[in-house]
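Protein chains: 6
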Amino acid sequence: MSQSFQPIDASAVPRFAGLPTFMRLPHVTDPAEVDIALFGVPWDAGTTNRAGARHGPREIRNQSSFLRAVHHVSRIAPYELCRVADLGDAPVNPFDLQDSLAKITGFVESVVAAGGLPLAAGGDHLCSLPILRAVARDRPVGLVHFDAHSDTNDSYFGDNRYTHGTPFRRAVEEGLVDPKRTIQIGIRGSIYGAEDMAFAEGSGMRVVYIEEYFMLGTEKVVEEIRRVAGDGPTYVSFDVDGLDPAFAPGTGTPEIGGYGTHEAQVMLRGLQGLDLVGGDVVEVAPPFDPSGNTALVGATLMFEILCVLADTFARRQ
Amino acid sequence: MSQSFQPIDASAVPRFAGLPTFMRLPHVTDPAEVDIALFGVPWDAGTTNRAGARHGPREIRNQSSFLRAVHHVSRIAPYELCRVADLGDAPVNPFDLQDSLAKITGFVESVVAAGGLPLAAGGDHLCSLPILRAVARDRPVGLVHFDAHSDTNDSYFGDNRYTHGTPFRRAVEEGLVDPKRTIQIGIRGSIYGAEDMAFAEGSGMRVVYIEEYFMLGTEKVVEEIRRVAGDGPTYVSFDVDGLDPAFAPGTGTPEIGGYGTHEAQVMLRGLQGLDLVGGDVVEVAPPFDPSGNTALVGATLMFEILCVLADTFARRQ
Amino acid sequence: MSQSFQPIDASAVPRFAGLPTFMRLPHVTDPAEVDIALFGVPWDAGTTNRAGARHGPREIRNQSSFLRAVHHVSRIAPYELCRVADLGDAPVNPFDLQDSLAKITGFVESVVAAGGLPLAAGGDHLCSLPILRAVARDRPVGLVHFDAHSDTNDSYFGDNRYTHGTPFRRAVEEGLVDPKRTIQIGIRGSIYGAEDMAFAEGSGMRVVYIEEYFMLGTEKVVEEIRRVAGDGPTYVSFDVDGLDPAFAPGTGTPEIGGYGTHEAQVMLRGLQGLDLVGGDVVEVAPPFDPSGNTALVGATLMFEILCVLADTFARRQ
Amino acid sequence: MSQSFQPIDASAVPRFAGLPTFMRLPHVTDPAEVDIALFGVPWDAGTTNRAGARHGPREIRNQSSFLRAVHHVSRIAPYELCRVADLGDAPVNPFDLQDSLAKITGFVESVVAAGGLPLAAGGDHLCSLPILRAVARDRPVGLVHFDAHSDTNDSYFGDNRYTHGTPFRRAVEEGLVDPKRTIQIGIRGSIYGAEDMAFAEGSGMRVVYIEEYFMLGTEKVVEEIRRVAGDGPTYVSFDVDGLDPAFAPGTGTPEIGGYGTHEAQVMLRGLQGLDLVGGDVVEVAPPFDPSGNTALVGATLMFEILCVLADTFARRQ
Amino acid sequence: MSQSFQPIDASAVPRFAGLPTFMRLPHVTDPAEVDIALFGVPWDAGTTNRAGARHGPREIRNQSSFLRAVHHVSRIAPYELCRVADLGDAPVNPFDLQDSLAKITGFVESVVAAGGLPLAAGGDHLCSLPILRAVARDRPVGLVHFDAHSDTNDSYFGDNRYTHGTPFRRAVEEGLVDPKRTIQIGIRGSIYGAEDMAFAEGSGMRVVYIEEYFMLGTEKVVEEIRRVAGDGPTYVSFDVDGLDPAFAPGTGTPEIGGYGTHEAQVMLRGLQGLDLVGGDVVEVAPPFDPSGNTALVGATLMFEILCVLADTFARRQ
Amino acid sequence: MSQSFQPIDASAVPRFAGLPTFMRLPHVTDPAEVDIALFGVPWDAGTTNRAGARHGPREIRNQSSFLRAVHHVSRIAPYELCRVADLGDAPVNPFDLQDSLAKITGFVESVVAAGGLPLAAGGDHLCSLPILRAVARDRPVGLVHFDAHSDTNDSYFGDNRYTHGTPFRRAVEEGLVDPKRTIQIGIRGSIYGAEDMAFAEGSGMRVVYIEEYFMLGTEKVVEEIRRVAGDGPTYVSFDVDGLDPAFAPGTGTPEIGGYGTHEAQVMLRGLQGLDLVGGDVVEVAPPFDPSGNTALVGATLMFEILCVLADTFARRQ
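Chains as they are written, first to last, in this note's numbering: chain A, 1 to 317; chain B, 1 to 317; chain C, 1 to 317; chain D, 1 to 317; chain E, 1 to 317; chain F, 1 to 317.
Misleading hints may appear alongside valid ones.
[As the list claims (entries may be wrong)] Label-pair distances were calculated between CB atoms; the ranges are:
hint	chain 1	residue 1	chain 2	residue 2	range
1	B	S11	D	L216	31 to 37 Å
2	B	E174	C	S74	51 to 57 Å
3	D	A314	E	R161	32 to 38 Å
4	D	E33	E	G230	54 to 60 Å
5	E	E33	F	A194	38 to 44 Å
6	E	E201	D	G230	53 to 59 Å
Calculated from the structure, these hints are not laboratory results.
Built from N, CA and C at the ideal position, the CB exists for glycine as well.
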């Protein structure tokens, strides 16, 4: 892999210096040059409550300067295994939701067409839908979904069917996600009514409510993730509100009582060996994140996903 | 005016106690009971950059607890002159811009139909358009417009013609605002190009750029406001980014180099005697306002406008 | 329960819209109309160090807009079981501690007299005393007390016996609380001296120090809570400083090394089936809470208590 | 003046190092050793709205490390002219207002008895009353009072006559302040009613409302201050809410539309030559001051007052 | 100028999207491609008190997304007049001050050698020295210096002669700056001693203390700037602490009582027509800037300087 | 121990009052008067990324006012066992790293020479090196090191061998620390390369990576600490970034996925009985700590270490 991109050397150039690209990698504009495409989706038009995730990609990039080159547990060295770069932000249209969905899908299609794996920094959770439309174009994929919310509602504010509370219902309806190969981890919080989870559970998704999560323990949940996802192509989506807001306060719909970052890291590392086709980290909302820690969490979880994606990529070669 | 509403007595109930209504006035739901209707428009779907003004009404209400009952300069006692109350928030639909415009207009129409004067807390500046559709239904009104931006652009992100950068162009096109009786005060900041101000100036608006403002001095600007507005019905719209961001940092599109709060107060007091038909204070964005001062500014400027509206109302009786 | 109050529908009116009442419930002023009375006590005159809890009720109300209608674990739907509303704030006098105590007791007595169960948002922990004077007027009650501090000191700054460090000593002395049916969970932090816990332990309170808490595990602590409280009438008081300050930094007397929110939720859910007579969540101090998370924690824990109170109420009918 | 105290040398010990005493001066406990006593009054029990000024002395001390030794305009070198030191904080009792008043007076009396001039960092504005009881024990003094509020109300929350809204009415009633030699500068903000200023104006105080202030200009206001204060003994009291909250957001009762810091400095420098007997800077409330700038303002204004006090002291020798 | 670079079009790509380069311009690495080189100096090793300016370039870039393409007063369109781009950050060595100075000078020399004009975002004020070493290599330049401090001290903490308090003394000693063609505007704040300004005044610099600034008025100060700078090559250096901290709190050494942003803009615009050779905006310290406004001020003042530099460049062709 | 120093009595003087010394103890300047010397090292010149730890000692002192006199678990009463006081800050030179190292060592030597045990509040982690040079002058000591990072790198930015990433490599090389008696707890985070840990592991240090930490559980890690440290003289160094940033966001190099404060407290209590020779708590960076919680954590962990040091001291007598 002689042409692989390398992060700026932090022992030569201080971490606070230079343009804040993801992981201090080069900014590349041609998808054909990369195997794993890091990109932002600066868009929160799907938000039903507090906006701000539109600023997520910039601040995640900023905090990602803290990351180094090699995973300290798995020893995966992603920049040795494949070509990873910052592809910039997907195009969006703040005033036209459907146009934005189309533009994001188009952007990701260019990555997929070039043989690359997409790894996005949201944006709100509606971002996952247009990405899935690109990566699951040819067949449904499994879904490993970390979140406090199922995001399988039907509509909001009348008949608005495309919000950050509905992406995975749409994805199932559109045949992008196989609900039988879908697992949701960390679901919790007061609900509108008894039927809230009817679609998720009715369609066959494996829902690990936070109570079951704590009862099983992280290790067993990892086993369950691997069992559900199986051998097929699988997408991973991490909503930072799956974490307890002590760890990730800067998000639009915080729910107390979640897991911590160590647990999240263990679960993401547990994806190694699955047939991963892409991923995202969403709902980092910097205006509600006075310490900047939520964006650091977002950046670090992106690195965790990047490592298992790189491992997937390398094994495929 | 025996039935007028009174704020909670702060020498009996501390200012930090109780539900935060505007000015600690009663929450009233029937427009027929009020002469001046204070209400919020929790909506920022017109925002082209940083959102957050959707949270403006709540935080302005919260800070409005600082306000007392009588204006210390004009000695106007609005709650003695007419019935003023908090009508709650106008209905909005975060996912449907046109539906929101219609709903806001409907809400304000109910106020106008009952003979009341509307005074809104935004929300982003697109809010002014649906309010004007209600108050200027029968004839164009004059406009006293405090802002760093002219908000007379044509469209954004393709052909999106309804944003917080376009309301007053739409209002002129729709015959709601008489550009000859319109004055904009504080316009400044880098521009897209030489033609940015073509519509405003071409349509006959009187544009007081910040440089002219400082050259003339506040007193002469007040004279100019009164000259332009004249005797006809007039609406007042205050975008807090007209102020320097030192005074109002919590806003979506700050531009350095504006006027201060004292100057703003003097200009608003200078409206006394005009034939006012309503007003708004917009673009308070609490997520960018760590000290809360911007919302306090918003609340106090609402009180300034309230006093001149009450005086208008009383003189009409 | 045809007349029960319902929260504003968040799929019709966005969560950031409208007046921030507790849980977006109606504001009701007649205690006779409610079965469970949510109210604030905007008062921190009992504070010995950092004030700010006076602002707690407003910010808890604000953040409580995040809450939905049904408990996702117990499936308790409080608004179906009984009439729940926001009764506003108890009257207080910032300059007269004894007068405040009397006024708060009077307010709660009106709730109790009407057959309602009080659920308060403090205010500092001294608030619990006047509430207990109302709910325990006829017989002592058991107490489930979550806190980092025992709050059973005798006096401060000379002979001041009514502070947020003394309420439960006073409550025992006044016969309001049965120390044998009292359990304190999470006690920790450096102490003034060996005798600090003499009253609590000498009077027969069951003190679960944080070390024992972690040793036993949450499940066993729940059993111990139920054992101590028994079948008699029981009050629940949650001081947010029982939580680790990572979860609740916005409080007056933070002590590191506490439990998390999930654990707190599990313990509160464990109260289901007890004979509950009321409760409070206290010591949320918004000026020390830059992210707003502490108020969200306070609001969510109020919802947890509300659910078990509603279940108690329904079982009694 | 061989024994005078000197600040820590900032070119040897960095400003962020060391215990934060006022102006980095020695902490001295014997009033007999100092000519000008800097001290804190960590007390806000007189506050009717937002507390926090109790934390003022610590944060003013912290920010006062920015100050150097010589005034750059008047060239007054206070530490060359007299012995200036940090006497620590006056004793207070958070639970007993009258006891606190007595303790503060006692503390200041020890300074006065030793021939020293007191210069206090509040604390809320009620602090001025017990200080005046010490410095004006023998005869009424003139008062130069910078503030947005007259602080001459009669009572709050029933018959509570000692609050931060009443000190100067009490001071006149007690014969401590000569209203004919009193000037208030910057008064503004909505009022409770037409009679709010009756006491101030009726007693003969010269009230420079903010409108008159801006009309006259700072220079003429200085002349007016000197005319009113005259030759007699005079006390200076600076409430930071006299400043516009853009300059001093961290205060309990902000009122928009005030003067700036440069103007405040010019006015304080204008006191040189008066027969000053002491002063205070009050109402710095750090919990509402995210940038710390308000405390820096407080510290710098203390230095301005210190210089004119030192000049007074030196001229008397 | 067919090859000139253009900012990203904000009506197509939202301002919060994309990598945050200065003014949303392309990132270019070859100095030969640009006429005006925008770059950062992420370095605060010269700071004697609060560090943080090392983070200035990133946050100024972030906030510079607010800027548009054309100056609204002078109508200068810099991107039409010459090639402007973001050259990234100058190399620095946080652990070796002299090495950093050499590296920064080398970086700027490459710009100058290619015929470009440098415009830097600091970093602390010591940054100006290595830049001057490059732009004034062949002959001394005049200096227009906005600041609260003269920065002409000799040494700190022993014999450390290279700090942010000494750059212009060094620059004069090294023959880089002609003190007779140097003007400092806004000098203020307590001083170490009477001799603090001896070098500045003794060397012939024109020092406009803040008091004289307010007395003369901005217009006359502009005349004085032009008179002092004259026709020779001139460098402009803007320390944001020249502004009042109400306008720019996020800086290392704030001094209350400065000018505002409008005044700063007027003065910078007044430089049009001078023979400018480069400039900088320094001492933006984001960790002390909770609202982000200081970085916005820094970005906007950079745009002001950019416009007069572009005008200079165009006139030279 | 009749002459021991006592903290200010918080039931007489409120915690927010008075000069903020460590634990509200007297400020003492003669090392001969103390058995355990609390002191600050206001210095972060070893920082490779975000500075700010220079402000740590002040803010830790400020927050340490929360601490009381007796440990609630071990019942150690340090102020009864020995003479503990605040010795102020070690001298530092922000512009000369080697001079600072020498000065800090000199300061600590004076403590050690007087028979005292040093307990420092940093400052960045490079502080530990000069302290070790004093306490380990005569023989190497064991090291119990809590941290996310091993801090055994060789150099940064060229050949800079003294940074906060290198102190323990230098300490081993200088014979100050016995790597065989060294244990590092909590190591984690992405790494530069496979060889990052070569020195630590190659020299014989016991590295408890965070993964092993969570697998073993705190109790077993305590056993391992005691086994490794053994009977010899041992130093304890606590970098707050060993904690998860949810608990300690205000630090220069946060790494998600760490332990919590309760676990840290249990581990520090587990040191009781070791032959302790001193300790430090480092890397508290207040500019990145909006809630102040990190400094409270720092202060409380200092108290934990103080208790085991006092116990060590008492047992030696």
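Which of the listed hints are not met by the structure?
The structure breaks only hint 6.
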